[in-house]
Amino acid sequence: MDMLIISVAMACLTLGFLVVATIGVRKHRAHVRKYKRVLRLVNNRVAEDVALKSFSFEELKDATNNFVDVIGKGAYGTVFKGVIFDGERTVAVKRLEKVVAEGERDFLNEMKAIGKTHHKNLVRLLGYCYDGTNRLLVYEYMKNGSLADFLFKSRLKVNWEGRVEVVLSIARGLCYLHEECETQIIHCDIKPENILMDDKGYAKIADFGLAKILMPNQSRTYTEIRGTRGYVAPEWHRNLPITVKADVYSFGIMLFEIICCRRSVEADVPENEQVLAYSAHDCFKANEVEKLVQNEFVEKSKLEKMVKVGLWCTQDEASCRPSMKKVILMLEGTVNIPDPPLLSSFVSSP
Numbered sequence: 001m002d003m004l005i006i007s008v009a010m011a012c013l014t015l016g017f018l019v020v021a022t023i024g025v026r027k028h029r030a031h032v033r034k035y036k037r038v039l040r041l042v043n044n045r046v047a048e049d050v051a052l053k054s055f056s057f058e059e060l061k062d063a064t065n066n067f068v069d070v071i072g073k074g075a076y077g078t079v080f081k082g083v084i085f086d087g088e089r090t091v092a093v094k095r096l097e098k099v100v101a102e103g104e105r106d107f108l109n110e111m112k113a114i115g116k117t118h119h120k121n122l123v124r125l126l127g128y129c130y131d132g133t134n135r136l137l138v139y140e141y142m143k144n145g146s147l148a149d150f151l152f153k154s155r156l157k158v159n160w161e162g163r164v165e166v167v168l169s170i171a172r173g174l175c176y177l178h179e180e181c182e183t184q185i186i187h188c189d190i191k192p193e194n195i196l197m198d199d200k201g202y203a204k205i206a207d208f209g210l211a212k213i214l215m216p217n218q219s220r221t222y223t224e225i226r227g228t229r230g231y232v233a234p235e236w237h238r239n240l241p242i243t244v245k246a247d248v249y250s251f252g253i254m255l256f257e258i259i260c261c262r263r264s265v266e267a268d269v270p271e272n273e274q275v276l277a278y279s280a281h282d283c284f285k286a287n288e289v290e291k292l293v294q295n296e297f298v299e300k301s302k303l304e305k306m307v308k309v310g311l312w313c314t315q316d317e318a319s320c321r322p323s324m325k326k327v328i329l330m331l332e333g334t335v336n337i338p339d340p341p342l343l344s345s346f347v348s349s350p
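Numbering of the sequence shown is given in the UniProt record's numbering, commencing with residue 1 and proceeding in unit increments.
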């Protein structure tokens with residue numbers, strides 16, 4: 001009798017386990033089907049909005065030979081060299097290591113916004129991968145590396161005329177992001193490492209991993225601090241609204257680096273020259289801007305113009321900084337550039 005009861009109990013337990021397992025398998029399959037439907041919906045929605053190719057993770061894994069050739073590292077991921085379209089095109093594949101805090105919706109919105117941008121001074125986004133937990137972006141490949149390589153590592157320093165053209169190229173790219181897109185895009189991480197050089201020597205803005213896309217009727221936003229130390233505008237540290245003028249500040253810091261072919265902060269120089277922006281201010285105030293360029297002859301009026309633009313762009317108050325459109329006009333000599341104020345002064349914008 002006891003054996004019969006045990007046998008019945010075991011049979012019931014086995015049957016119960018099978019029922020639970022069957023339900024679990026069915027639920028799992030339902031989740032998989034739902035996920036695939038969502039993935040198809042996401043890919044279709046992105047494909048409708050932008051002319052980007054959708055890649056599977058396996059396709060990009062093959063294209064990069066299993067992600068072996070690292071060519072760069074950004075704020076949110078690593079960039080690998082790859083080849084697509086049967087070896088016909090070399091590309092840069094950025095594999096995101098973590099999705100931005102705002103979540104999936106903002107990731108897709110930013111990707112779509114960048115995918116819609118077309119400008120000769122922006123690195124072009126060609127495709128994307130939204131496959132499971134994998135997030136990858138496929139960009140055109142820039143074989144000449146970054147502006148940082150040219151300014152700080154290359155034995156052959158770019159001449160003055162070439163550096164002026166680089167400055168104008170970056171300014172035009174930023175002006176497009178700020179004023180010519182459907183919605184304003186704040187790059188949030190302008191620095192020499194994020195400016196890539198094409199084979200003709202033109203500069204293109206890259207790495208939109210920290211970019212902030214504003215709404216159509218929005219001109220400012222509150223968000224956590226983004227960017228790289230040394231290039232971050234003061235308002236990021238003051239809990240103030242962020243506008244495109246944050247990019248203008250970063251551009252100004254980088255402008256000084258382009259003028260002088262040195263980092264914005266260096267420890268192995270005299271103390272009064274360690275912070276480049278302050279040094280530029282002091283040289284301008286003393287009418288000695290020629291000290292900023294060593295072993296290179298540059299016409300003083302041209303050098304002074306660049307320094308004045310940099311000083312305006314790095315004003316402490318965002319409202320005092322010019323727009324990038326105004327910066328271009330200043331650089332091209334279309335408008336007069338008033339003398340910038342002393343540091344930390346409060347004045348009207350130029």
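Among the hints, erroneous ones may be present.
[Stated by the list, open to error] With a Cα cut of at most 25 Å, we get these calculated DMTMM-like pairs of lysine to aspartate or glutamate:
| id | residue 1 | residue 2 |
| --- | --- | --- |
| 1 | Lys112 | Asp131 |
| 2 | Lys157 | Glu59 |
| 3 | Lys143 | Glu182 |
| 4 | Lys200 | Asp131 |
| 5 | Lys305 | Asp199 |
| 6 | Lys200 | Asp62 |
| 7 | Lys157 | Glu288 |
| 8 | Lys308 | Glu288 |
| 9 | Lys120 | Glu58 |
| 10 | Lys112 | Glu97 |
| 11 | Lys157 | Glu58 |
| 12 | Lys325 | Asp131 |
| 13 | Lys112 | Asp149 |
| 14 | Lys285 | Glu273 |
| 15 | Lys81 | Glu59 |
In case anyone wonders, no lab produced these hints; they're calculated from the structure.
We went through each hint and held it up to the structure:
1. Lys112 x Asp131: OK: lysine 112 and aspartate 131 at ~16 Å, within 25 Å.
2. Lys157 x Glu59: 39 Å, violated
3. Lys143 x Glu182: This hinted pair is violated, its Cα atoms lying about 30 Å apart.
4. Lys200 x Asp131: Violated. Lysine 200 to aspartate 131 sits at ~35 Å, over the 25 Å cutoff.
5. Lys305 x Asp199: 28 Å, violated
6. Lys200 x Asp62: Violated: lysine 200 and aspartate 62 sit about 30 Å apart, past 25 Å.
7. Lys157 x Glu288: Roughly 22 Å separates the two Cα atoms, so the pair holds.
8. Lys308 x Glu288: Holds, at roughly 13 Å.
9. Lys120 x Glu58: 30 Å, violated
10. Lys112 x Glu97: The hint holds at about 19 Å.
11. Lys157 x Glu58: 41 Å, violated
12. Lys325 x Asp131: 39 Å, violated
13. Lys112 x Asp149: Roughly 30 Å between the alpha carbons, so the hint for lysine 112 and aspartate 149 is violated.
14. Lys285 x Glu273: Holds: lysine 285 and glutamate 273 sit about 14 Å apart, inside 25 Å.
15. Lys81 x Glu59: 14 Å, holds
Violation of the numbered hints given earlier is confined to hints 2, 3, 4, 5, 6, 9, 11, 12, 13; the remaining hints are satisfied by the structure.
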